[in-house]
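Novice: Protein chains in written order, with this note's numbering: chain A, 1 to 253; chain B, 1 to 263.
Among chain A residues calculated to face chain B with C-beta under 8 angstroms, some are: (1) 54; (2) 55; (3) 56; (4) 77; (5) 80; (6) 84; (7) 93; (8) 105; (9) 107; (10) 108; (11) 112.
These stretches of chain B come out as covered by chain A in the derived footprint (C-beta under 8 angstroms, 3 or more residues): (12) 151 to 162; (13) 165 to 171.
Simulated from the structure, these hints should not be mistaken for laboratory data. A quick note: this is a predicted structure, and the numbers were derived from the prediction, not measured. Ideal placement from N, C-alpha and C gives every residue a C-beta, glycine not left out.
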Amino acid sequence: MKFVAPVFEVSDLDFKISNQKILDSISLKIFTGEYDAVIGPNGGGKTTLVRMLLGLQVPTSGSIEIFGQDIKKFQGWHKIGYVPQGTTLVDTSFPATVLDVVLMGRASKRGFFKRYNKEDKDAAYNAMRQMNVMDLSQKMIGSLSGGQRQRVMIARALASNPSVLILDEPNTGVDKNSQHLFYALLRDLNKNNNLTILFITHDVGVIVDDIDRVFTVNRSLSTCNNPKEAISCEDISKLYATSAHLLHNHHGH
Amino acid sequence: MNMFHYEFMQNALIAGFIIAILASLSGSFIVLKRYSLMTETLAHSSLVGVAIGILTGFSTLWMAVIVSILSAWLIEYLRSSFNLYSDAILAIFLSGSLALAIIIVSLSGAFNSSLFSYLFGSILAVSNHDLIIMGIFGFVAMILLIGFSKELLFLVYDEEVAKTSGIKVKWLNYLLITIVAVTVALSIRIVGVFLIAALMVIPTITALQFGYGFLKTVMLALLFACLSVFIGMVLSYMFSLPSGAAIVMCVIIIFIISLIINK
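Bound conformation, chain B alone:
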C-alpha cells in the first residue's frame, strides 16, 4: 500500500503501536483496579499541559507529560491522605482541568484546528522529535510494567493482603499512575485527549470476555489494541478522519464482536 511510503504515515504508525502497547499493558492494571476513570481525568489534565505549551511556545508534548504526572500524584495524594470519596476527586479534576485548559487556550487565542488535532488525534501530527520522546518514555514505562507485573497483579487483586505480605503498595500505586499519566500524555498526538481512555480500557474489557488467565488476557488486550490502531490509521488516511475517532470505533467494533462470540 502506497500510504506507508510517506514519512508522516510511518511516524504515525510507530507512534500508534507504542501507544497501543503502553495503553493496553497499563490499562489492564487500571481496569482491574477499578480505576478506569483515572485515564479520562488525566487526559483532561494533559490538555492543560497542551494549553500551556500553546500559550508559552514550549513543547506541547513535554508540557502534557509534566502536567499529567503532577496531577496524577496530586490525585493519589488526596485519595490516600484525606478521607474523600476517590471518584469525587476524579470528577473535580476532570472538569476543573478542562475548564482551566479552555481558559488558557482562550487567552492565547489559539482556538483553531491545531487544538482540534489534540482533542481527537491526527496522523499528520507526529514529528521525529515527538517520536524520540515517545520511544524513550514508552521503553522505560514498558520495562517497569513488565518488571513489576507480579507485584502489580497482587496489588490490583487485593491491595490489603499485598501490603501485609510486605509489598510496598504505596510506592507501586504511585508507579502505576505515573506510567498511566505518561501513557495518556504521549497518546494525545495520535488518539487525542477525549478518546485515549477508550484505548486504555476497552481492549482489556474485551480480552476479559474470553475468561483466560492474566498473561493470556493481557496478550489479547495488546493484540486488540494494536489491531485497532492499525486499522484505525488506515481508515483515517483513506477517509481523512481524525485518527483517534477511527481507532476508537475499531476498538468498539472488536468489543461488540467479542461479546457476540462469548455470549
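Chain A extracted, bound-state conformation:
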C-alpha cells in the first residue's frame, strides 16, 4: 500500500506567552477523510492550536507538517478551507454581495491580473447550492442573519474545492434546532466530497454521534478515538465534570 502522508502531523508542539505555557507538548495526526472535533474549555488553547495549523500563529517549539511538508515551506494553502467564527463582526454596510464573498474563495486560484472566469463562477454557484444559499446570491452580505452568513462563509471555503475544511465554532449564530441539521450537512460534505473536516467547539452538547475523533485541548492534548463512548473517555468527563450530564442526555444513555 502506498504511504499517504497525514493531512496534519503535529509533533511536540509548545507555545508560550511570556513564559506561561499555553500549549504543552502537543502531538497529533489527522488523516484524510476524518471528521473530527476539537473541544476544550475557553482559554484552554484550542483556538491557538488550530490557528497554528493554519499558519496564523507560530509555535514556540515543535513542528507542524501539512500533507507531509513542513508548514514553513507549504504552498498548497488553497487546499485548506478556513471558516472563522461566525461572530466575527462584519460591517453591515460592507459593499459586497453574497456572490462577491463566495468568489473570494477563488481569488488565490485565479492569480493576479486575472478576472474570475466561468470556471470560478461555476465553482461558486456549486458551493452556494451545496450550502443552500443560492437564493441569497445577490443579497448584500451585511443584510444576512448569523446563520445565513455562516453558511455563506462555508460556501466561500468550499468554492476553492479544498480537501480540508477547518471551522471555528461553526454553531455560533445557528439556532439550537438547526444545529443537528447543520452537523448532518457537514457530515454529508465529509462523506460525499471526501473532505477532511476539523471543527472547534466549546459546547460538548453538540458532539454528534457519527464523529470520528475528539481532541480535547486544555494546555495538553488528549485524543478520544471513539466519541460514541465519549462519556467513558476519562479526560473529557474530567474536563467537563459539571457538564458531563449534558453529553449523557444527548446520547440518551
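Got chain A sorted already, so can you dock chain B onto it with the hints?
Specialist: Same frame as chain A, now just chain B:
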C-alpha cells in the same frame, strides 16, 4: 467657458481628475480596511518632503512622494512587527511629521504663500513637469489597483482568511499603502496636505450609503470624486478660493445629499 482656455486651468483639471480617480479607487480599500487615518498621517509626512524640497531646492513633488512612501513602509513595519496600538503609531507620525515639517520650513525661512498653496491646494500650482510625474505614477498605481482588486477586496474583507487561502497579504498590504502614499503625495498640488484625506475617504463613505455591491460602489465613489474636483475647481477659479477647500466642500455637500436621499 473661457477659463478652460488657460493652460494652467487645463493642467489643473487633468491633475485633478488623475487625483480624483486614484483617491477614490485606493480610498475605497483604505476605508473598508478601517485605515482612513493613514491618509491623513501620510499627508502630514508628505509635508516633510515638501519642506525638504523647499529647503534644498529639489523638486517638492518628488520629495513628497519619497518621504510619503518611506513613512508608509515604516508605519506598516512598526504595525506588523511590534505589539503596538496601530492607531497610536499613526498619531505619533501625524503630529511628529507636522512638527518636523514646520521646523524645516522655519529653518529655510519659507513661511510664505507658496507653503499656503501646499497646505490647501492651488489651481495655479501645476506645472507641465508635475503633470508628467502625476501621469506616470497615476497610471502605474491605477493598473496595480485594478489588477489586484479581487485580492485587495478579500484582504480588506477578511485578512486572516485571505492569508490562509494562500494570498500574500503582507505583500499586498505594502502595495496598498505604497499606492496610498503616492496618491497622497501627488495630490498636494491640487488638494493640499490638510484636505486630501477628505477626498480619499468621503466619496467612498458617500457611495456606501447606496448599498450596492463592490464594483458599483467604487464606480459611484469615482463619479462623486470627479464631480467634486470639477465643480470645486470651477468655484476656485470664479471666486479665487484655494482649490482643495472648494473641492472638499463639494465632496461634503454630495455626502449630505446622499444621506438625505438614502435616509
